[in-house]
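Listed below are the residues making up each chain.
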Amino acid sequence: MMCTCCAAPVVVGLRRQAASAGGAIAFWLGNSVLNPATLVFMGFVLGWRWAALRLVLGLPMVFGLGYLANRMTSPREAAQAEAAVVALTAAPQGAPFRRWLVILGRMTLRLVPEYVVLVLLLGAARAWLFPTLGPDIGNHIQWIVAFAVAGALFVIPTAGEVPIVQAMLALGVGAGPAGALLMTLPPISLPSMAMLHRSFPPRILAAVAGAVVLFGLAGGALAVALGF
Amino acid sequence: MLFFAIAVAGLAYVKWLPYWDRAFVAASSHSIGQSILMGKAAQAPAASWDAALAYALAYGKAIWKAMALGLLLGSGAQACCPPTGCVGCSERRRSAARSQAACSPCQG
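One line per chain: the protein sequences are A and B, in this order. When the letters of the first sequence are read in order and numbered with the numbering used here, they come out as residues 1 to 228. When the letters of the second sequence are read in order and numbered with the numbering used here, they come out as residues 1001 to 1108.
It should be emphasised that the hints constitute simulated quantities derived from the structure, not laboratory data. All of these numbers come straight from a predicted model, not from anything done at the bench. Ideal placement from N, C-alpha and C gives every residue a C-beta, glycine not left out. Incorrect hints may appear among the rest.
Claimed, not checked - Beta-carbon label-pair distances, calculated as ranges:
1. A:Q142 with B:P1018: 36 to 42 Å
2. A:Q80 with B:V1025: 45 to 51 Å
3. B:A1042 with A:A84: 49 to 55 Å
4. A:P201 with B:A1046: 34 to 40 Å
5. B:L1017 with A:A84: 49 to 55 Å
Unchecked claim - Derived contacts from chain B toward chain A, CB cut-off under 7 Å, selection only:
6. A1027
7. H1030
8. S1031
9. A1047
10. Y1055
11. A1056
12. M1067
13. G1070
14. G1074
15. S1075
16. A1077
Chain A with its partners taken away, still in its complex shape (with noise of 0.2 Å):
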C-alpha cells in the first residue's frame, strides 16, 4: 500500500536478507499498482472501467515482472545469494534493537540525501516532461509514447495519479496517454530506482522499467480501444 519510494527502502532490506529478485520486484511494484485504496479511489473518480484496467494489466506487471526478473538471475547470482544467506546466519546478531538502530540510521544516510535532490530536479523539470495539457494532446502514439516514459521517471505520492489523471481528462486530454500515465507513474520512478541501484543487477532494473513502460502503452492502447 506504499508508493514506490516508501516501498523501496524494504525492497532494500528485503535483499539484504537475500530475498529473491523475482519476489522483492513483485513486492515493490506491487505496493503502489496494486494498492486496494488507490483502486477504491479511482473507481469513485474516474469510474469503475478505469479501477479495472489497472487491475486488469496491474495482476500481469506485478507477477510478470517478478517471473522476469527471477529468470533473469544468473546461476552465479543464485549461488552469490546462498552464500550470502549462511554468512548472515552465520554472523554475531548482536542486540537485536541497536542493531536495528544502527541498520535505521546508515541506510536513511545512504538513501535519503539522493533522494531529495532528485525529488527536487524532477520537481523543477516538471514543464520540461508534461506538455501543456489541452485537447490538442489526443490519441497520437507518440503521445502516449511521451506520457508513458515521463510518468516511469516522474515521482508522486500515494494514489497521486488518480486527481492528475482527473485534471487531465477535465482538460480535455486523450484516454490515451491518461491511460498510459495511469500505468506508469505510480509503480517506478527516478530516484526509487536510484534507491535500488545497488539491490539489482543493472540490466534488470532496465528491463523492469522497460517493460512498465511498455505496460503504459498497453494501458494507452487499451483506454483508446474501449473507448474510455
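Given the structure of chain A, go ahead and fit chain B onto it with the hints provided.
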C-alpha cells in the same frame, strides 16, 4: 514481536485509517484533491528553484510518514528477520506481501 507490532501499528496509522476516511470523501465528492503535478492549471510551472521547492514540499508533506515507516521496516527486516526465512518464503511464493508477512517477527 516488536517488528511485527511496529509494522501493524505503523501501517494502520499511516495508511489504513486515513485511507478509510478518504474513501468516503472520494465516494461523496468524486475527488480526492488537486493534481500534485500542476493543480488546476493546464501547464506545469516553468523550471525554476521555486518549482523544485514547491513540488518537493508538497510531495514531502504527502509521503514523509510513509517514508519514515518504510525506513523503519526496511532496517527492521534486516535487523530482525532471519535471512533463511525470507529466502524460503520468497522462493515458495512470489507474492511479496506474503513474503514480508512470513518473515518471523523480531525476537528482541
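Supplied contact hint for M1067 of chain B, tested at 7 Å Cβ to chain A = Given a least distance of 5 Å, the restraint on M1067 of chain B holds.
Starting from the hint 49 to 55 Å, judge whether the C-beta atoms of L1017 of chain B and A84 of chain A obey it.
-> violated, 38 Å
Restraint check, 7 Å cut-off on beta carbons, for Y1055 of chain B near chain A | holds, 3 Å
For the range 45 to 51 Å, tell me whether the beta carbons of Q80 of chain A and V1025 of chain B fit it or not.
-> holds, 48 Å
Using Cβ atoms only, decide whether A1027 of chain B comes closer than 7 Å to chain A, and label the hint accordingly.
-> holds, 5 Å
Interface hint status, G1074 of chain B versus chain A (Cβ within 7 Å) = Holds, about 3 Å.
If you check the beta carbons of Q142 of chain A and P1018 of chain B, does the distance land in 36 to 42 Å?
-> holds, 38 Å
Under the criterion of a CB-CB separation shorter than 7 Å, is G1070 of chain B in contact with chain A as hinted?
-> holds, 4 Å
For the hint on A1056 of chain B, just tell me whether its beta-carbon gets within less than 7 Å of chain A.
-> Constraint on A1056 of chain B satisfied, holds at 5 Å.
Taking the least C-beta to C-beta distance, is S1031 of chain B closer than 7 Å to chain A?
-> Since the shortest Cβ distance to chain A is 6 Å, the answer is holds.
Hold the hint about S1075 of chain B up to the distance rule: shortest CB distance to chain A must be less than 7 Å.
-> holds, 4 Å
Has the hinted range 34 to 40 Å been met by the Cβ atoms of P201 of chain A and A1046 of chain B?
-> Given about 38 Å between the Cβ atoms, the range holds.
Hint compliance for this structure: hint 5 alone is broken.
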